[in-house]
Amino acid sequence: GQQVMQIPQYQHVQEGEDFTTYCNSSTTLSNIQWYKQRPGGHPVFLIQLVKSGEVKKQKRLTFQFGEAKKNSSLHITATQTTDVGTYFCAGNSGGSNYKLTFGKGTLLTVNP
Amino acid sequence: DGGITQSPKYLFRKEGQNVTLSCEQNLNHDAMYWYRQDPGQGLRLIYYSQIVNDFQKGDIAEGYSVSREKKESFPLTVTSAQKNPTAFYLCASRWRETQYFGPGTRLLVL
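Protein chains in written order, with the numbering used here: chain A, 170 to 281; chain B, 898 to 1007.
Isolated chain A, as found in the complex:
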């Protein structure tokens, strides 16, 4: 079945440093989504990428979808303590049964 790998598993940065997490799917995706889960909380939808090579920005967050629609990345510029949490990518391979396959997530901690 479809697998979604995400690296790194953990990342600790100093406040102000940049952060990137990478996601790689074993199959071509119809779209990919990113979620953020704060410690003790539940996942919250951040964004969806659909087109090959797509790049989207949300303030300090930049999301990319690979040309082959099998990989994606999330880059945070100048991290802040409010960025702390686990970032998950979730791939959808399409079809009528809409299912997401989640990566294992990257836990980001920020030292103030």
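You may find that some hints are simply not true.
As the list claims (entries may be wrong) - Computed beta-carbon distance windows for the label pairs:
| hint | chain 1 | residue 1 | chain 2 | residue 2 | range |
| --- | --- | --- | --- | --- | --- |
| 1 | A | V213 | B | I957 | 16 to 26 angstroms |
| 2 | A | G210 | B | D956 | 15 to 25 angstroms |
| 3 | B | T976 | A | G210 | 25 to 35 angstroms |
| 4 | B | S919 | A | G264 | 23 to 33 angstroms |
Stated by the list, open to error - In silico lysine-lysine, DSS-like type, Cα no more than 25 angstroms apart, as pairs:
| hint | chain 1 | residue 1 | chain 2 | residue 2 |
| --- | --- | --- | --- | --- |
| 5 | A | K220 | A | K205 |
| 6 | B | K980 | B | K911 |
| 7 | B | K954 | B | K980 |
| 8 | A | K239 | A | K225 |
| 9 | A | K268 | A | K205 |
| 10 | A | K268 | B | K967 |
| 11 | B | K911 | B | K968 |
| 12 | B | K967 | B | K980 |
| 13 | B | K906 | A | K205 |
| 14 | B | K968 | A | K268 |
| 15 | A | K268 | B | K954 |
| 16 | A | K205 | A | K225 |
| 17 | A | K205 | A | K228 |
| 18 | A | K273 | B | K906 |
| 19 | A | K228 | A | K268 |
| 20 | A | K225 | A | K268 |
| 21 | A | K273 | B | K954 |
| 22 | A | K273 | B | K980 |
Just so you know, the hints here were simulated from the structure itself, not pulled from any lab data.
Bear in mind the structure is a predicted one, so any value in this text is a computation, not a measurement.
Built from N, CA and C at the ideal position, the CB exists for glycine as well.
Got chain A; can you put chain B on it based on the hints?
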């Protein structure tokens, strides 16, 4: 106040007992999902339902059962057949392609 509610927040059960986790939504979404989250494992799909009176197994359905008798409700039963039921359980509903998660229930089986 619209959203997804899960109750209770924490649940303790003895080994061998069945337990039912509640998930209710007033968002008028057709599709609903149950995930299990373990430390370092991400979210794994247990069951999902695209519409009332219909549901499908996810990737780790063994030891679990669900029902979808009403659009608003999608309860999950963790049966005694589930070998390692202690986990964080998340319910979600979907509008178009976005999933909206409830606050989760932490189940501890002793």
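Do the hints match the structure? See the list:
Separation of A:V213 from B:I957 is about 23 angstroms and conforms to the stated range, judged on CB atoms against 16 to 26 angstroms. Between A:G210 and B:D956 the CB atoms are about 23 angstroms apart, so this pair conforms to the stated range of 15 to 25 angstroms. Between B:T976 and A:G210 the beta carbons are some 28 angstroms apart, a value that agrees with the proposed interval 25 to 35 angstroms. The supplied range of 23 to 33 angstroms is met by B:S919 and A:G264, whose beta-carbon atoms lie about 30 angstroms from each other.
Between A:K220 and A:K205, the direct Cα distance comes to roughly 21 angstroms. Compliance with the 25 angstroms bound is thereby established for this hinted pair. For the hint pairing B:K980 with B:K911, the CA-to-CA distance comes to about 13 angstroms; that is within 25 angstroms, so the pair holds. Under the criterion of a C-alpha separation no larger than 25 angstroms, the hint pairing B:K954 with B:K980 is consistent with the structure, at around 17 angstroms. Between A:K239 and A:K225, the direct Cα distance comes to roughly 17 angstroms. Compliance with the 25 angstroms bound is thereby established for this hinted pair.
For the proposed pair A:K268 and A:K205, the alpha carbon gap of about 18 angstroms is at most 25 angstroms, so the pair holds. Restraint check for A:K268 and B:K967: the C-alpha separation of about 21 angstroms stays at or below 25 angstroms, so the hint holds. Restraint check for B:K911 and B:K968: the C-alpha separation of about 31 angstroms exceeds 25 angstroms, so the hint is violated. For the given pair, B:K967 sits about 29 angstroms from B:K980 by alpha-carbon distance, which is inconsistent with the 25 angstroms threshold.
A C-alpha spacing of about 20 angstroms is found between B:K906 and A:K205, which places the hinted pair at or below 25 angstroms, so the restraint holds. Taking the CA atoms of B:K968 and A:K268, the gap is near 19 angstroms; set against the 25 angstroms cutoff, the hint holds. At most 25 angstroms may separate the alpha-carbon atoms for a hinted pair to count; A:K268 and B:K954 meet this at roughly 11 angstroms. For the given pair, A:K205 sits about 16 angstroms from A:K225 by alpha-carbon distance, which is consistent with the 25 angstroms threshold.
Between the alpha carbons of A:K205 and A:K228 the distance comes to roughly 15 angstroms, so the proposed pair stays at or under 25 angstroms and holds. As the CA atoms of A:K273 and B:K906 are separated by approximately 23 angstroms, the hinted pair is consistent with the 25 angstroms bound. Of the pairs offered as hints, the one joining A:K228 and A:K268 is violated, with about 29 angstroms between alpha carbons and a cut-off of 25 angstroms exceeded. Taking the CA atoms of A:K225 and A:K268, the gap is about 23 angstroms. The hint holds against a cut of 25 angstroms.
The straight-line distance between the Cα atoms of A:K273 and B:K954 is roughly 20 angstroms, inside the 25 angstroms bound, and the hint therefore holds. This hinted pair checks out: A:K273 and B:K980 have alpha carbons roughly 21 angstroms apart, not beyond 25 angstroms.
Hints 11, 12 and 19 from the earlier list are contradicted by this structure; the remaining hints agree with it.
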